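Visitor: Listed here are the chains, written in short residue letters.
Protein chains: 2
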Amino acid sequence: MNAEIVGIGTELLLGQIANTNAQAISSSLAGIGVDVYFHVVVGDNHQRIVSTLRRALERSDVVVITGGLGPTPDDITREAVAEVTGATLKRDETLVAAVEGIFRKLGRDMPLENLRQADLPTGATAIAPEGTAPGFWLEHEGSLMFAVPGVPWEMKAMLNKTILPVLTERTGGGTTMSKEVLVVGLGESRTHELIRDLVDAQTNPTIAYRAGAGIVRVRVTAKAANETTAVGLIRPVESAIRERLGHHAVPGDAPSVADALGNMLRDRGATVAVAESLTGGLIGAALTGTTGAGDYFAGAIACYSSESKRDVLGIDEAILTGPGAVSEEAAAAMAEGAAQRFGADLGLSVTGVAGPSEQEGKPVGTIFVGASFGGRTEVRHVQAYGDRDNIRAMAATATLDLGRRLLQEQ
Amino acid sequence: MNAEIVGIGTELLLGQIANTNAQAISSSLAGIGVDVYFHVVVGDNHQRIVSTLRRALERSDVVVITGGLGPTPDDITREAVAEVTGATLKRDETLVAAVEGIFRKLGRDMPLENLRQADLPTGATAIAPEGTAPGFWLEHEGSLMFAVPGVPWEMKAMLNKTILPVLTERTGGGTTMSKEVLVVGLGESRTHELIRDLVDAQTNPTIAYRAGAGIVRVRVTAKAANETTAVGLIRPVESAIRERLGHHAVPGDAPSVADALGNMLRDRGATVAVAESLTGGLIGAALTGTTGAGDYFAGAIACYSSESKRDVLGIDEAILTGPGAVSEEAAAAMAEGAAQRFGADLGLSVTGVAGPSEQEGKPVGTIFVGASFGGRTEVRHVQAYGDRDNIRAMAATATLDLGRRLLQEQ
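Order-wise, the sequence lines are chains B and C.
Start counting the first sequence at 713; every next residue gets the next number (my numbering).
Start counting the second sequence at 713; every next residue gets the next number (my numbering).
Just to be clear, a hint being listed does not mean it is correct.
Each pair may be met inside one copy or between any two copies, as identical chains are not told apart.
[Said to hold, decoys possible] DSSO-like cross-link-like pairs, simulated, lysine-lysine; straight-line CA separation at most 27 Å:
hint: 1; residue 1: K1074; residue 2: K935
hint: 2; residue 1: K891; residue 2: K873
hint: 3; residue 1: K891; residue 2: K935
hint: 4; residue 1: K873; residue 2: K802
hint: 5; residue 1: K817; residue 2: K935
hint: 6; residue 1: K817; residue 2: K1074
hint: 7; residue 1: K802; residue 2: K935
hint: 8; residue 1: K868; residue 2: K802
Since the hints were derived computationally from the structure, they do not count as laboratory data.
Predicted model only: the values in this text are computed from it and were never measured.
My request is simple: use the sequences and hints to build the entire structure.
Guide: Written as structure tokens, this is what we have:
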């Protein structure tokens, strides 16, 4: 069974928003063994939506549409689906009541526009609204078509409550499972050199790469009748990869270095505190992105200026005027200061130059990261590159990874 | 002139990465008056890449391909483009030297695989590598085709240095300009009610919406021969929208509430400090995302536990044991504490329940935000909804917006 995800909305084509919905849906469909072959994005234009949906129905078993289900006149997904499937739109009284009920619960008057959201193509099954927009699904000439709102959390709820259960019933099992090995401190081509023979030898699982912001993800993907068989195919290949890459491979199944570090801390009953400079809060935000972060996250301090490094973190004035705020010495003192301020077991720090211009004579991309744990403090120099976003992301990754390695070694 | 953006990479179809490249390219093409009609994503599969590229060349004047130009065997964009355009691949000696030079500069040995990256379809013009992967462009039967790497910062550099200059020369002017009015504290349908007649009356500029994480963006888009004319079309409509929406409309041209607040602070020579709880660093990261944030960002403290709110921020124990860490009183004390700790003019704070379970008897989504400026402290209760990411993002937006409104009123 193969699928195509169609995003509808001119805001996507104007570049005002990234198509994160396609990512979330793809990831979930892979988990139930549905192969996604295409993502397409089209604007709020009736004819182009219609031709896109026609082609999708021709070539794909499953079509998932996101967006264009809101109350405003630029929301025309309902009309386009009706045309493509030869249906007409009919107001669904149960949906009228549901939409009215939502506004009553919010204590707001319902604008009349919102009643358009209760219109359904004849033959379609309604999906109850999560926010204010209902979704729907239907079968047409052997293909399944789902339409859900573009608002990410509303889409996700309908994905989990309706799309995945309906598809799981149809596929009758089978799964595509991926496992990623996170690699820090090696480039993509160096990683490939170390595991080339494994890549060449494999057909199921397959091995592929993606690189970004100081991290290479080696993806091992197996297709199998069930999860147990898929895991059995993946594990030996994963082990071989980890052996080749040594300490550069982040242990465990976590989807990010932040989560990997969080899991290690939780296992040890330890806590972490962070002193951030150029990242401004990215590391704290990453460490608290997952449910249960309260188990290990003590706190973070983002200090941009030298004054705040001195006054809030307690960094020695002699370090700031001597080696400078961007130095090994400052990174070490910041890591120790963070642990002390929050009474945490592990202290992490990062200081560096995000650009656009050099600082203290150090070029853009100069990064020092620090970690302090169990009386030992380590500092590492990292040369980051790319634009401001990439430099900040690389700095955050390097910081979290130094903490991970220091914990692992003890 | 219309364009299509083709992303190549199975990692996109497996949902392991969002197609942020399509967003960045779309945004830049709109700026030079090139209409993007489609985004397509296809995996590392030769036949599906070939059929996608054939269709793109048929229906679009410009095709921009991202991804599949790396050194590893799953990178097959070069081969697919050669097939579609009837070319063969030929090793380019200038590119060989460029790729070798990059590795020399990094002090690393060049894996032999990387030489594949110097292969070009005959008739194509090379685009010099930024990282290690070169790009290229060519003309085929009246369409222009560009191929650039999938690594975002490498793609962006080639977009700015090659794609945009080549296209600007061909289009001979003309522009599509968008202006967004950021709206905080009103839903999408309530916003539409207030400006419906303006939306109905407009053809150029057009007006559309997108909603997400506590913010509605009202987009005014004009097409015109040049930027001055486009601005002239947009401004009166924008003013009318702002008048209707009152203080809910964030003033200025900034792309986010964080940047709007940053600009206001810079204009006044004022600084900001933040005390974050459930957002963990998101607000600090947002305030420091833009070059020049050092002008106004004093620092941020992320405190998850009650102990750290007391010990690091200096919140009165009586507040934490009385009204609790998630309360109006705590938000007020956190805002004042943040300003004091960093010696900042504006103190911001947020405390609340990100979920998945309630806290201190307060339900998931309960948020209190605070702002303290010029001797005045304001606190607001916000009810957030959706998943953990959405609740955290809504909390960050509400915090930044309260600071914006407090500054604006003084």
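Visitor: If a hint holds in the structure, say so; if it does not, say that too.
Guide: A quick look at each hint next to the structure:
1. K1074 <-> K935: Cα proximity of K1074 and K935: none, with 49 Å in one copy and 44 Å across.
2. K891 <-> K873: Result: close within a single copy only, 25 Å intra versus 37 Å inter.
3. K891 <-> K935: Classified as within: same-chain Cα gap 12 Å, cross-chain 46 Å, threshold 27 Å.
4. K873 <-> K802: within (24 Å within a copy, 52 Å between copies)
5. K817 <-> K935: neither (45 Å within a copy, 41 Å between copies)
6. K817 <-> K1074: Result: close only across copies, 18 Å inter versus 57 Å intra.
7. K802 <-> K935: neither (42 Å within a copy, 36 Å between copies)
8. K868 <-> K802: within (26 Å within a copy, 46 Å between copies)
When each numbered hint is compared with the structure, violations occur for hints 1, 5 and 7.
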